[in-house]
Structure formats: structure tokens, C-alpha cells
Amino acid sequence: MQKEAAIREPLILGHKSYHDVTEDVCRPIEDKAPRMWYILFGIALIIALYGIGCIVYLLGTGIGVWGLNKTIGWAWDITNFVWWVGIGHAGTLISAVLLLFRQKWRMAINRSAEAMTIFAVFMAGIFPLIHMGRLWVGYWVLPLPNQFGSLWVNFNSPLLWDVFAISTYLSVSLVFWYIGLIPDFATIRDRAKKPVAKKMYSILSFGWSGRAKNWNRFETVSLVLAGLATPLVFSVHSIVSFDFATSIVPGWHTTIFPPYFVAGAVFSGFAMVQTLMLVMRKAMGLEAYIHTKHIEYMNIVIMVTGSIVGTAYITELFISWYSGVEYEAYAFLNRATGPYWWAYWSMMTCNVISPQLMWIRKLRRSLLFTFFISIVVNIGMWFERYVIIVTSIHRDYLPSAWSMHYPSHIDIGVYIGTIGIFFVFFLLFARYFPVLALNEIKTILKGSGQSYKEAPDYHKHH
Amino acid sequence: MAEKVIYVMYDDEEVLKDGAKSLVSKGIKIADVFSPFPIHGIDPIIGVKNTRLGIMAFLYGLTGLMLATVGMRFFMVTDWPMNIGGKPNFSYLENMLAFVPVTFEFTVLCAAHGMVITYLLANKTLPGMPAQNPDPRTTDDRFVMEIRLSDNHQSNEKEIDDLLKNTGFVEIDKKEIN
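Chains as they are written, first to last, in my numbering: chain A, 8 to 469; chain B, 13 to 190.
No lab work stands behind these hints: they were computed from the structure.
Hints should not be assumed to be uniformly reliable.
[Said to hold, decoys possible] Simulated pairs of lysine to aspartate or glutamate, EDC-like, Cα-Cα distance not exceeding 16 Å:
id	chain 1	residue 1	chain 2	residue 2
1	B	Lys177	B	Asp23
2	B	Lys38	B	Asp173
3	B	Lys16	B	Asp185
4	A	Lys200	B	Asp152
5	B	Lys61	A	Glu226
6	A	Lys23	B	Asp23
7	A	Lys23	B	Asp24
8	B	Lys38	B	Glu169
9	B	Lys186	B	Asp147
10	A	Lys10	B	Glu26
11	B	Lys41	B	Asp55
12	A	Lys200	B	Asp147
13	A	Lys220	B	Asp55
14	A	Lys23	B	Asp152
Here the structure is a predicted model, which is why all the values come from computation and not from measurement.
Required output: the full structure, derived from the provided sequences and hints.
In C-alpha cells:
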């Protein structure tokens with residue numbers, strides 16, 4: 008057992024025993040779902056079904072039903088793709104990078120943040136797939152032997168790198184998440200009274216028994232997976248940024264893109280974690296595990312990554328002038344003062360100014376304010392991608408090709424629909440899965456639990 | 013052949029660890045420990061060797077690296093040197109930079125999945141496997157030590173019981189298993 012400094016705020020409030028931790032996490036799964044859950048699930052399901060309807064209509068009719076045109080070939084689809092992938096960066100960052108840095112506060116949020124990651128990357132994956140128009144030939148992105156002659160996919164293309172990056176990220180995040188879930192499913196299995204639940208959780212828990220050797224392997228696998236997932240987190244959004252940075256479109260062709268995209272991804276991901284956690288801790292009575300200190304830590308991450316993003320925006324702006332390339336300079340002038348000025352200034356306000364408010368301790372420890380800012384950041388980060396994608400390509404080298412993008416109702420329906428599908432998954436997760444990493448929380452109970460830290464013999468040698 | 017197994021239950025991992033230490037120093041072999049979370053420091057006491065899964069992950073990673081390199085060399089250089097802007101891929105080395113992202117991703121993919129599959133097989137944890145923990149509370153807040161009489165021919169059951177008395181256990185259970 009590891010001890011920590013007395014001045015550190017405890018991570019688990021109240022007087023909890025190991026059994027209390029199990030009770031607190033398992034009770035919401037074993038009890039009947041509250042009425043509110045059914046209401047939220049119903050709303051999410053209706054939105055999801057509407058979104059699926061829009062996707063089916065799109066596939067049946069063709070991507071002309073989107074507001075795209077010849078000049079603006081990428082618009083909401085890729086905006087939404089990058090937005091969702093960005094959101095999907097917090098989970099693995101929390102569980103992998105923070106594990107390597109031995110940040111114990113991650114244990115309160117890693118499970119649900121990882122669930123969020125997986126569902127978000129899943130939503131992201133929908134967009135490039137349906138953008139193909141012919142979803143049924145989607146497997147052509149894989150280097151499979153075929154009868155078209157010696158026709159292989161182009162490994163020089165960042166779009167193909169993206170296929171590998173996203174699928175690796177999704178599948179590795181999924182197994183990382185599941186490896187941690189197995190022992191917790193075993194806890195639920197051993198408590199289950201109803202035969203159906205017992206059967207289900209016993210299949211999900213893979214017959215986990217908690218032997219010393221199993222735990223020895225478990226810890227090594229977690230550590231090595233964290234070590235593998237850490238560069239993966241950084242590589243995925245770097246590669247997403249290569250989709251733009253390797254092209255010669257003014258406004259896209261910048262070397263600052265990879266680090267700036269990664270910082271932006273972490274920024275938006277943590278904002279989404281805040282939005283979800285603030286509601287979940289209240290709804291599921293987990294205030295003792297996810298409390299003000301955890302929210303504060305996440306706000307600090309939001310502040311730091313937000314500052315990196317702000318610096319990147321301003322650097323980009325400066326370099327566009329300093330480079331002396333008039334096309335570059337025009338692209339940025341057009342962003343700020345052209346027909347999409349409102350998108351640019353929404354992005355600037357939401358992403359540059361709002362995280363700076365987190366310097367004030369009172370504000371970053373205020374739950375209501377955090378919730379508000381987390382929504383603001385998510386809106387801002389959506390606008391960032393819209394600004395980068397649409398305003399950069401709506402002006403071309405040839406003025407006769409200049410155009411505007413107006414979203415069709417299918418654009419809006421598919422986007423809103425993915426938010427619905429995301430919440431359907433997340434609500435199912437919150438209902439049937441252990442939302443806290445039980446086995447990890449228990450390891451820090453004696454080191455970081457309030458009642459243990461305040462006990463008179465805490466600082467004596469054991 | 014049926015053999016007798018003693019399951020000793022504790023409600024605190026530190027108490028179990030101290031108990032295990034004193035038993036081992038008396039020459040008792042502890043077959044296994046079941047716990048709801050990893051007990052740090054128990055492995056050397058009961059003689060569990062450190063896992064070699066990390067080495068396996070490295071080997072799987074190397075396999076991925078090799079497959080990606082060989083594959084992309086075949087696709088892009090040997091089989092069809094793709095001509096981009098009048099610059100065909102004549103050799104792997106000249107074009108290697110473009111292949112770095114996929115090589116990295118594929119290495120991670122193979123290392124991660126290879127290790128996880130090995131982990132699940134080595135643990136014998138697969139969908140549908142029966143749970144083997146002796147008491148359902150060992151996944152909640154109890155810690156169980158398993159002592160097999162067949163491992164401890166030097167002492168009889170009575171002697172082991174006497175030694176256990178001072179370790180502060182909360183329950184003791186004896187079972188005949190096959």
C-alpha cells in the first residue's frame with residue numbers, strides 16, 4: 008500500500024470500506040432503473056433512430072443529399088468525424104497516459120471515459136464510411152488480394168494511414184477497456200441473484216477468479232497496454248491532421264497541425280468527460296468518488312490544452328502573414344472577415360477565452376460553471392473543425408469555383424443522430440456496466456481514502 | 013484422486029500478507045491467493061514468478077513491424093510501383109517515410125492484440141469459462157489463501173491448523189476437491 012502526503016485532498020470521501028465500494032458501484036446495476044433513465048434513453052433512442060433513418064436515406068439516394076458541392080467536397084461529414092475522434096481522445100489519455108504518470112485520480116473516471124472514447128470513435132467511424140457513398144464496398148480500403156489486376160490501396164495516402172490509425176485505436180482501446188472490466192464483471196457475477204443476470208455476467212467475466220498469478224499478469228498487461236496506447240493516442244490525431252496538412256490547400260498546409268490537433272482533441276475530450284461525469288456522479292450517487300478535486304484536475308487539463316490550442320491559433324495567424332504567401336494570408340483573412348466570420352469568432356471565443364477562466368480557483372471548482380464551460384468547449388471545438396475544413400476550401404484559386412456550404416436537413420439529421428446513438432450506448436453502459444473501476448478504486452482506498460488519511464496512525468510506518 | 017484443500021479467509025490484504033509470510037517461514041507452501049484486487053508484494057511471498065507477457069508483447073510487436081514492412085514493400089515497390097506525379101516507388105528505403113505511420117500502427121495493433129489473446133489464454137479466462145474462486149466474496153472484500161495438503165507432506169492437518177490460528181483469519185473452510 009502506498010501512502011501520500013497529508014496535504015493532498017483525499018480521492019475517496021467519507022468512510023468507505025471495500026464492501027461499500029462494491030455496493031456503491033453495483034447497486035445502480037442491480038436495482039431497477041430510475042424513471043429518469045427511461046426518459047433519457049427514450050429521447051436518445053428516438054434521435055438515434057432518426058439519425059439512422061437519415062443515414063439509410065443517404066445511402067439509398069447518394070451523398071448529393073448532403074449540402075456538399077464540387078468546391079466544398081468535405082463539410083459536415085469530416086467536421087463531425089474529426090470532432091468525434093477528438094472527443095474519443097480523453098478516455099485512452101486518462102487510462103493510458105495518466106496510468107504511466109501514476110495519477111491515481113484517473114481511477115474515478117477512467118472506466119466511463121474509456122467507454123465514452125469507444126462510443127465516440129465508433130460514431131467517428133460512421134462518417135468516412137457513409138461518405139464513401141457505397142458503404143458495401145467499404146472493405147476496399149483494406150489491402151486485400153483482388154481481381155482488379157495488381158491493384159492495391161495507396162500506402163502513401165494519409166487517408167489510408169487514417170484507416171489504420173482509427174481501426175487500431177478503436178480495437179486497442181476496446182481491449183484495454185475490456186481487460187479492466189473482466190474482474191469487475193466477476194464482482195457483479197458473484198453478487199447476482201437473478202439467473203439471467205448471473206448467466207450474462209458470468210459469460211462477460213470470462214470466468215475470472217482473481218488468483219495471484221492472474222493479478223500479476225493483469226498488472227503487466229495493463230502497464231504494457233498503457234505503454235502501447237500512449238503513443239497511439241498521439242499518433243491517431245496526428246494522422247487525422249495529416250489528412251489536411253499533407254494537402255496543398257492554403258489553411259491546411261501547415262506543419263503545426265499534428266501537435267495542435269492532438270491538444271485540441273484532448274481539450275474537447277476532457278470537456279465531454281466533464282459534461283458526462285457531472286451528470287453521472289449526481290444521477291448514480293457517486294459524489295464520494297468523483298468529487299470537486301477530480302473536476303478541478305480535469306479543468307486544469309482543459310486549461311492547459313486550451314492554452315496550447317489558443318497559442319496554435321495565433322501562431323497560425325501570424326505565420327500566414329509572416330510567410331509572405333498571399334494565398335495563405337488570404338485564407339486566414341477570409342476566415343476572420345469573410346462570409347464565415349461568425350464561425351471563426353465563435354471558435355475563438357469558445358476555445359481561446361473560455362479555458363482561460365479556469366485560472367480562477369473558485370470557477371474551476373464550481374460544478375455548475377464547469378458544466379457550462381464544458382458545453383461551450385464542445386461547441387467551440389466543433390466550430391474549429393468547421394472553420395478549418397469549410398472556410399479553407401470554399402475559396403479556390405479560381406474565383407469561378409468559389410462557393411458556400413449550407414447544410415441540408417440530412418446533414419443535420421446524421422450529425423444529431425450520431426449524438427443520439429452515442430447516448431444510447433452510453434446510457435446502456437451506465438445501466439449495465441460497472442461505471443467505476445472497482446478493482447482499481449479498492450487499491451487506493453487505504454492510501455487516498457478520507458477516513459484512512461484522517462486516521463491517527465496513517466503516517467506511522469506499517 | 014480427491015485431495016484436501018484448506019481455504020483461509022481474511023478481511024484485510026495486509027493481514028493476509030503477514031499471515032502468508034509467517035506460514036512460509038514455517039515451511040508451509042501456499043498454493044494460491046484469491047483477492048478482489050491485486051495485492052502488491054504477495055507474489056514473492058507465495059512464490060509466484062513474474063509474468064513474461066511483456067516479452068511476448070515485444071515479440072508480437074516485432075512480428076507486426078516485420079509484416080508491415082514486408083507487406084508494404086510488396087504492395088508499393090515490387091508488385092506495382094505506384095507512379096505518383098512521375099515519381100514511382102523504386103525502392104523501399106526512398107519511400108520509407110510515407111510508410112512510417114502504417115508501420116507504427118500495425119506494430120501496435122499486433123503487439124496489443126497478441127498480448128491480450130495470450131493473456132486470456134494463459135489465465136484460462138475466456139467467454140463461458142466457469143469461475144474458480146472458492147467463495148463469491150473474494151471478488152468483493154474478502155481475501156482467501158489456498159493451502160493444499162498434498163503440497164505439504166512435511167506437516168499434517170493439525171499442525172497447519174495450529175499455525176493458522178495466529179494469522180488473524182475470519183473464516184476457515186476445508187474441501188475435498190478432485
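Quick one: which hint numbers does this structure break? Sort them smallest to largest.
-> none
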